[in-house]
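If you're matching them up, the sequences are chains A and B in order. Using the working numbering, read the first sequence as starting at 1 and increasing by one per residue. Using the working numbering, read the second sequence as starting at 1 and increasing by one per residue.
Accuracy of the hints is not assured; some may be wrong.
[As the list claims (entries may be wrong)] Residues of chain A clear of chain B, computed beta-carbon distances all greater than 10 Å:
1. SER7
2. LYS61
3. HIS141
4. ASN260
[Said to hold, decoys possible] No farther apart than 30 Å at their CA atoms in a straight line, the calculated lysine-lysine pairs in the DSSO-like style are these:
5. A:LYS29 to B:LYS69
6. A:LYS247 to B:LYS198
7. B:LYS69 to A:LYS61
8. A:LYS167 to A:LYS29
9. A:LYS84 to B:LYS211
10. B:LYS69 to A:LYS247
11. A:LYS117 to A:LYS61
12. B:LYS69 to A:LYS268
13. B:LYS198 to A:LYS268
14. B:LYS211 to A:LYS225
15. B:LYS198 to B:LYS7
16. B:LYS69 to A:LYS96
17. A:LYS96 to A:LYS167
Hints are computed from structural coordinates only; laboratory data are not their basis. Heads up, the beta-carbon is just placed ideally off N, CA and C, and yes, glycines get one too.
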Amino acid sequence: MHNEAHSPYLPIPMHVLHAYYESTDRSLKTLELSFDDPQDAREFFAVFNPGQFCLLSVIGKGESALGVASAAWEGDFVRFTAQKLGSVTNALHELKPGDPIGMRGPLGNGFPLEAWKGKDLVIIGGGCAFSTLYALTKHLHHPSNRGDYGKLTVIYGTRTSGLCMYKQDIAAWHQRDDMEVHQAIDVPEQDWLHHVGYVPDVVKEVSPSPVNSVAVVCGPPIMTKYTLPALVELGFTPETIFTSLEKRMKCGVGKCGRCNLGPKYICKDGPVFSLAELNALPADL
Amino acid sequence: MNLILKKDQLNHLLNAWRQDYEVYAPQSLQNFTHFLPLQDGFELAFDKAHNTRIPPKALFLPTSEALMKFTRFGGYEQIPSETTPRVIFGIRPCDAHAMTMLDTVFEQERYTDPHWQARREATVVVGLGCHEPCQTGFCTTVGSGPFNHAGLDAILTDLGETLLVETFSDKGDRLFAQLEMASVDQSVRAIEVQQAAKEKMPIAFETEGLKEKLDQNFASPYWEEASRSCLGCGVCTFLCPTCFCFDIVDEAQRGERVRNWDTCMFRTYSLEASGHNPRPSRVERTRQRLSHKYTYWVDQINQIGCTGCGRCVRYCPVGLDIRAMLRKAHQLPSEVAHA
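Extracted from the complex, chain B is given alone in its bound form (with noise of 0.2 Å):
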């Protein structure tokens, strides 16, 4: 359904809906974005950034949760998951596009994570379309793009003084009842935009061929060169909107077992209790990371397991660019075995 939003209207529609849900929405705090459940003359901060520094698969996987709490004399029992009703406004479709894939790591069927199902039930998406490229994403590369509809249930589309809404589920149509239908001029400039956007976003890096690029050169000695500047921080997975790693660890003074954000990038990831280690150094660790985006995600779910984004390129402290090493990564040979 396409609806008109005039944008002098925005504030009283987030405002009434805050009688009903918690209204998460990108607001300025301390010199970056970040998505913040609104308060009373809330400012938001929609030209600040394309995208907010840390991805709103937070508000769906904490990046410190308690999965259960431990009782007397050994026991122990489950913490309710949350199940408060909001919205999320203002998303962009490259996170929330990542989203619909983290559903398939954390709603299979064989085994639900209680905790993100309740809290994806319990949330309503609006994303906002970016009519304006952002410096490092390459959302078209990778098969997502600055209108995509995927983990939307509604979209906005920049008409200047208005904002052209699509709903694509109930939950969508609920939220947007009150606002009058657009006229088909709008909507055919909506497209219009869109079109545009699209247009705009550069091809990063060629994905023909990649994955199997990546699949051959395993050995490859180009792992060790990709990773070379690498300092292992970690915040090009704590950042990316896909990327999904956790631990649990019991917090014993509290007196819970928790889940913590965790990464690929770190040593102790992967290190066992023998002293064993199948990545011991960043070269396996940066191989895992790129491997698992552009070849394992494609053999699980038919899709990269990247969004283009770009903070990966923007907020990595030696300057990596996944963009680069992924051009690279497709010009190796094709014939170099397994070791």
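Here chain A stands alone, though its shape is the one from the complex (with noise of 0.2 Å):
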């Protein structure tokens, strides 16, 4: 496929296996795609890691970034939940089976999980930001991950039930006895078994323990505003906890310039950084 010097511009040919609706408003939804070629699939999956993304191409249309929504154990596709917004995410939307699609990745650093591991997570999640940390979380539950890691808990929050993601296998992660799960919505509804309010409060309730653990925030911004210092105020130190960054971009390899926020680049040296790492770094989000 790729004769002459590689271009990191250049898509990775893929077509679409699934795609499905994610929310009952129809503002998500979510494409599994795979690869043409088997060797580009062998290439990905020898260097992906949970909390990096790819820009999906629409022939036609552009490029959006998006992150991976699955881990790799689950198979040798892709899987990604896009929010109808732009030219691209609606042209997304589009998508059926079997269409043509190009995707470049996996780009960015991913969540640091080396040196996570012998520690208790806390995943704090909210609307659509969280399908990188369904990503992780599934990444967790494969029974060769699982042990690296202590104890396991999940936070997610969205504005209506039905904008919940991967609601099967949410439901599901409530049986498991490896984990614990906290769902919540912002605003009471009827035959809602969970918490009703904002995800700082409700981590505020659920006040995981700072001993040995890390947290994982991925959210709108407004969110993660707030459940930072929450997370402060439990006890976790800058370095313990870490979150995913979000900027326009174009190129996804540090070279068009638009996403960075002082002199890091969020595609490049991003998109996970832990706090520590973004209070020396300039307010520009």
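Fit the two chains together into the complex; they arrive one by one in their own frames, and the hints show the way.
Okay, here's the thing in structure tokens:
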């Protein structure tokens, strides 16, 4: 495929395996993509790490950066959930199984899973930003990974129950004895058995222990803004709090310039940063 | 290696190169000087301006360039990188120096840009030192200089009747292989010319401690004041030899994915699909432009990301002067914390 000097701008040829709505309001759609060339799949999974993202290419429309929402052990496909917002994500929502699509990646650093070994993990997500945390949780669920980490707590909030992603899977998580799951919605709904309230408040209520723990936070900026101090209040140090950032991106490989946060590029040096790292960078988000 | 070139032999030499290379040199076109390929009967425009209006980065990162073309049924293929052997003759040291900074962006180990790399490898860069200071330049202030060697395969020093040629690479040696060695006396005179040129360049502002001042004043009201007269036209960035930002867009009718120069001075540059914009006004955008050059580049490669070419000063339609902006920034208080 890539006979010439490999271009970081050239997508991997993929096609849509499955496409289905993720939310009842049809604003979120999940695409599972498989590789046209098995060699590309081998190369992808040899380096893929949960927390990384890809640029999906709809030819003629452009590219959109989306976090990977699947773990490597799930199979030779890559899952993404796209919110219908701009012209590319609108085009992504039109795709049907069998349609061709381009993908560049995996890009970025992903979660520092090696450094987290032996620790308890507190995974905190809000809205559609939960996708990479879903990939992380799935990764941890694999029997060969689960033993490397301690207690696993997931806190996931959405505005409404209909906007909750990966519903069936998450419902099954409540039955597992190797993790604790806390779901939340912003306003009360009939038959809702879980928390009602904003994620930062739910975090305070659940009050996870900071001892030998790391917390990972991915959500809309407003949620992240209030969740980080809530964790600091619970005793988490800035070195043990992680978040994944987003900015407008074009190249994904640290060249086009636009996703910089001070001297760091979110695409290349991130998207995952510790709060300690962020505290040393300008507030340019 | 120091060689000597008689000025009346220059055109002959340039024509000889045209057998093997595409030769670019500064020529006049519509009131401005540009790097254009030499044609029969060319006229060089060395004395018109110290610097071409568009920096020679455009010969490596074109203003618009197709990255891939679309094929039928949703397919696509890479557009091969250009590898025509080229000579760029008469590039000024500030512009050549800037190219070495762009190399750190485009030739990173993990993600090398094949388009940039192919052009860099196929090009010999011959510099022309500046024996007279230009009006808005401030190269010596920011760690470059009128005879800086960075990014050059050879540099010329004007000795009146002759040009002294110093070569710094095999590429440069091969290009000037026909010339005779310079005498010791000629080499000494060149050093004197170079030294005198350097001394004539005024120091435009203090760089010691400037980075720290900018870092500490990220949330300062200074940026509001600094950006007040900015129109947001982006000329300072488009014509900057160290600016490299680009956009990638699909030109569906042409069937190509294209990258175009872009600028952090535009609102849409950082505008996100959600409607959120981290740099919603010219205040944040001006801060980004200056901070990128004077603090972020320093963090990344330990060099100021400006070579003092002076284009942003010369071409700003409202006369914003980065030298004055930085002089003012240097007087900001030290203890302001982040908001």
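To see whether the hints hold, each was checked on the structure:
no. : hint                 : result
1   : SER7                 : violated, 5 Å
2   : LYS61                : violated, 6 Å
3   : HIS141               : holds, 30 Å
4   : ASN260               : violated, 7 Å
5   : A:LYS29 to B:LYS69   : holds, 28 Å
6   : A:LYS247 to B:LYS198 : violated, 43 Å
7   : B:LYS69 to A:LYS61   : holds, 13 Å
8   : A:LYS167 to A:LYS29  : holds, 13 Å
9   : A:LYS84 to B:LYS211  : violated, 41 Å
10  : B:LYS69 to A:LYS247  : holds, 27 Å
11  : A:LYS117 to A:LYS61  : violated, 41 Å
12  : B:LYS69 to A:LYS268  : holds, 26 Å
13  : B:LYS198 to A:LYS268 : violated, 39 Å
14  : B:LYS211 to A:LYS225 : holds, 28 Å
15  : B:LYS198 to B:LYS7   : holds, 23 Å
16  : B:LYS69 to A:LYS96   : holds, 23 Å
17  : A:LYS96 to A:LYS167  : holds, 21 Å
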